[in-house]
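Here the structure of chain D is known, so what remains is to put chain L in place on it, guided by the hints.
Going line by line, the protein sequences match chains D and L. Residues in the first sequence are numbered from 1 upward in steps of one, following this note's numbering. Residues in the second sequence are numbered from 1 upward in steps of one, following this note's numbering.
Don't take each hint at face value.
It does not matter which identical chain is used: a pair holds within one copy or between any two.
Claimed, not checked - The calculated lysine-lysine pairs, modelled on DSS-like cross-linking and capped at a C-alpha distance of 27 Å, are:
| hint | residue 1 | residue 2 |
| --- | --- | --- |
| 1 | Lys141 | Lys128 |
| 2 | Lys174 | Lys141 |
| 3 | Lys225 | Lys238 |
| 4 | Lys141 | Lys256 |
| 5 | Lys154 | Lys141 |
| 6 | Lys194 | Lys49 |
| 7 | Lys225 | Lys192 |
| 8 | Lys154 | Lys42 |
| 9 | Lys225 | Lys174 |
| 10 | Lys110 | Lys49 |
| 11 | Lys110 | Lys154 |
| 12 | Lys213 | Lys3 |
| 13 | Lys256 | Lys225 |
In short, the hints are calculated from the structure, not lab data.
There are 2 protein chains.
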Amino acid sequence: MQKLLIVKIGGNIIDNEAELSGFLESFAHIAHRKILVHGGGKTASALSKQLGIEPEMVNGRRITDAETLKIVTMVYGGLINKIIVAGLQAFGCNAIGLTGADANILPAHKREGSDIDYGFVGDIENDKIPSGTLALLIENKIVPVFAPVTHDQKGQLLNTNADTIAKALAVALKDFYDVELIYCFEKQGVLKNKENENIIFETIRSSEYAALKNDGTITDGMIPKLDNAFDAITMGVKSVRIMHAHGLAGISFNHKPGGTLLYD
Amino acid sequence: MQKLLIVKIGGNIIDNEAELSGFLESFAHIAHRKILVHGGGKTASALSKQLGIEPEMVNGRRITDAETLKIVTMVYGGLINKIIVAGLQAFGCNAIGLTGADANILPAHKREGSDIDYGFVGDIENDKIPSGTLALLIENKIVPVFAPVTHDQKGQLLNTNADTIAKALAVALKDFYDVELIYCFEKQGVLKNKENENIIFETIRSSEYAALKNDGTITDGMIPKLDNAFDAITMGVKSVRIMHAHGLAGISFNHKPGGTLLYD
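Bound conformation, chain D alone:
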């Protein structure tokens, strides 16, 4: 099977023009088949505030009301997605920007039955992802770039976490490609100790993960990220790498990429 890299970048890279450009250059130079998934960054929050909409958070999660969904669609699906696509095109990478509504790639349903009403938030229907459409693009050297927006197939756009989208794509394509899922962020990998940014786990196995959560080694924002990663592994993705965005340059030159490798 051909190797396929699914790379997710977060807001901290997107918010920094020089960092973003360096990242896009590295991504463009990766010789393998590839997909990019991007998050939001501070632009959406800043625009919300300019328009007088205060972000509403419950348990650390943003509530997506109708106005917030508009902003998410404009900023993530429009501005950021197209800046990334035009940037990749400048580096010779034939990117195509997509939300999950485009070519019906990420069918989802509005999250229901939770104690909290998250608003227009979508949970992906993993078994409905059209892997053939994705393969059609990829095999024609067109590189999908996903904004964190999905749809319910009835005309409603929905806000969906970018880490979750990357996971869903990895699972949907695992039978067609040798998928490597890569979460890029602002740290070197999964830290062994929050006090020291330089010491990371080289690997974490599924069997080790629960203990690391229980003893407080892995906490806060790392938990949903690693939950997503190990979910992907449980669903058949061979490995997930959590690493600094700068590590992508290593991959594009076939060097050791660094970061923390998660596997079963």
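Structure of chain L alone, referenced to chain D:
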């Protein structure tokens, strides 16, 4: 050759939720190969004003400064494009939303050498449009939906008139498909007399057009629209239809579509 309909809709339809939904249903039901190109509407101007940016017009044309380009990219490339795509998906049409940066479909250059600095406005490089990429999507029953944004292949997004995009796509695909270019707007067709909305030209030939401009029958906003249309015809597109958006329902049921047919 297979028939391909390239349909352009303008802001007046987009701004009206019920009109837009009816239009999308008609478009979704058209059995031929098809492309949709949409304009902007009032949303971009409204958002500009909310953010304190006053639209700057010179000779009836909007000047696109950096802030305006951001708004155009967000609203046209993000919000409106994705609302249309999700709406078409709900009607069973496998739409994919694109700007000209996506898959490098509309390479352009920033307009230079004019007396007026229009800002980030792009003129399309017609001979660089990758018709193969468009055909790949179309032949796989994926329906391209274009927002009026192009790029310069060096990372710069550009604002480009939607009528012009529809024309460029028609010309680029005329050797591969039997292309019908259709401009939908809020009138029944090209009026014979501005005082009477119900009496339109059934046809206008290239040879008749100059005289109709000279004698004042065709004026104002109709001139750039018809200039674009006859440009397409000069460049080899067989015919262009100018009609009310409601006429699309006729086409989807193979009835007589009405409107004004332009040809050589």
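Q: Would you list, in rising numerical order, the hints stated earlier that this structure does not obey?
A: Violated hints: 6, 12; rest satisfied.
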